[in-house]
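> These are the residues of each chain, in order.
Number of protein chains: 2
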Amino acid sequence: MKRTDLVNNIFNKQSFLCVGLDPDINKLPKHLLDKENPILEFNKAIIDATAPYAVAYKPNIAFYECEGIKGWEAFEETVKYIREKYPDIFIIADAKRGDIGNTAKMYARTFFEHCGVDAVTVAPYMGEDSVTPFLEYPDKWTILLALTSNKGSVDFEMIEDKNGHRVFERVIKRSLRWGSPVNLMYVVGATQGELISDARKVAPRSFMLVPGVGAQGGSLEEVARLAMIDECGLLVNSSRGIIYASSGEDFAEAAGVEAKKLAEQMGELLVKYCK
Amino acid sequence: MKRTDLVNNIFNKQSFLCVGLDPDINKLPKHLLDKENPILEFNKAIIDATAPYAVAYKPNIAFYECEGIKGWEAFEETVKYIREKYPDIFIIADAKRGDIGNTAKMYARTFFEHCGVDAVTVAPYMGEDSVTPFLEYPDKWTILLALTSNKGSVDFEMIEDKNGHRVFERVIKRSLRWGSPVNLMYVVGATQGELISDARKVAPRSFMLVPGVGAQGGSLEEVARLAMIDECGLLVNSSRGIIYASSGEDFAEAAGVEAKKLAEQMGELLVKYCK
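Keeping their order, the protein sequence lines are chains A and B.
Sequence positions in the first sequence follow our numbering and run 8 to 282.
Sequence positions in the second sequence follow our numbering and run 8 to 282.
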């Protein structure tokens, strides 16, 4: 998907919501467990209920991989389902891959060619040749981990070099030599407070994929205030707060209600911060 | 597997060879392509030919994932095959995973419980909570990326902090608070020359998984000279140099010959550097 299409979708829907499809088999509504593929059934219902309010879906591969072959099937079928029924919605494989050049090529081929997603999250630790194979696909996106939402983000992402530049800033700056704001985004956690604006300073035009709103405690208003740009430049993810809004037979309806609430807030924030 | 068992296997076999099982479908011998699962057939033959000389196998998950469901089957069956036929051999899932705590738990469960491997490679970028879920399994190992063998390793792994400590050294030092030399190893590339001894200084007792000998150009002798310790402390990986030694019907035999050559050198190095 091109950047202009993503931006248009955001303004058409008045939402920059990304729904995280992280279906933990132990948390699925009981009545789904006797279906042939409970994860796939769960995802389809969540997608149908939230699609009016979402511009992106982000299946986290761990939740599929842990179910073995059945899980991979559910992942691939979920991508197909979104692609066919909601072709305007951006699909992110949250895989956090990162490996040497020839292996990175295999991962890029898997996610972009075989699975057909729009974007893959990539870990930057190993540097240029672990990232660039993902950047070679036209209209596909690489979403690089920069400043993540978890506690451990202080351990290495915040290491300061001799000039006071932190690792997450170095990651953003250096990677903008390899890609550009039309094929490269950054993960910046909503839990990072004012640091979000430090990330924005080094990536003034780039989209940010922002996890950590909701269950992890980040504030949507703060994220918009600190990092929204004229083309929005944000995809804010919510997983658990939406997909587990109810564990009963009304799980999909409840997910729709939560997604709608977030999208309404987002609409207001677009008016407020996006000139 | 316990560290004492790994060390015993190394001294019994007089080898610290890890064979990388990275089967690229485009490089497999032609006569295997009409088998039901060519990757699995290829792996089995390579394993039978190299098992007398290897103490570890390292399937790189990318090469399986890119074949979809068929690939996952091949990976799981390969692990089972090694486990049943060669129970003393250490199995590493080269997955380079790294995600927030609850997701890292899913990955740990997948590889340790579902697949039953001994070790998983993990990317350190996201810090403590992305690593510790892997460390909670008794007799299982976490192999953290420290100083990798690829060109891009200079981009972020070599960033120096204000005290002159580089990111790869900080990763090793900090992670030794989370795990210990009985459940934590480090990836240190054979292509890094004298830097290997800098990694050894901060991890004096830890095992190192060393890729980059062979196709990537690193020297086995140099690695042993710079980083071997009294309990060996090294697993040196070779993938392409062994598994693609021949593309004909004699591919397994040729792989065995290459593995034997490396193991013989390793035996000499154990005598020379391991007191």
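Hints are not guaranteed to be accurate.
One copy or any two copies: either way a pair holds, since identical chains are not told apart in the list.
Below, computed lysine-lysine pairings styled on DSS-like, alpha-carbon distance capped at 27 Å [unchecked claim]:
1) K77 with K87
2) K9 with K169
3) K158 with K34
4) K34 with K112
5) K37 with K279
6) K37 with K112
7) K208 with K51
What the hints contain is simulated information worked out from the structure, not anything from laboratory work.
If you're wondering where the values come from, they're calculated on a predicted model, not measured in any experiment.
> Could you run down the list of hints and mark each one as holding or not?
For each hint, the structure was consulted:
no. : hint          : in the structure
1   : K77 with K87  : both (15 Å within a copy, 18 Å between copies)
2   : K9 with K169  : neither (38 Å within a copy, 41 Å between copies)
3   : K158 with K34 : within (24 Å within a copy, 43 Å between copies)
4   : K34 with K112 : between (34 Å within a copy, 15 Å between copies)
5   : K37 with K279 : neither (42 Å within a copy, 62 Å between copies)
6   : K37 with K112 : between (40 Å within a copy, 22 Å between copies)
7   : K208 with K51 : neither (38 Å within a copy, 53 Å between copies)
The structure fails to meet hints 2, 5 and 7 from the earlier list, while all remaining hints are met.
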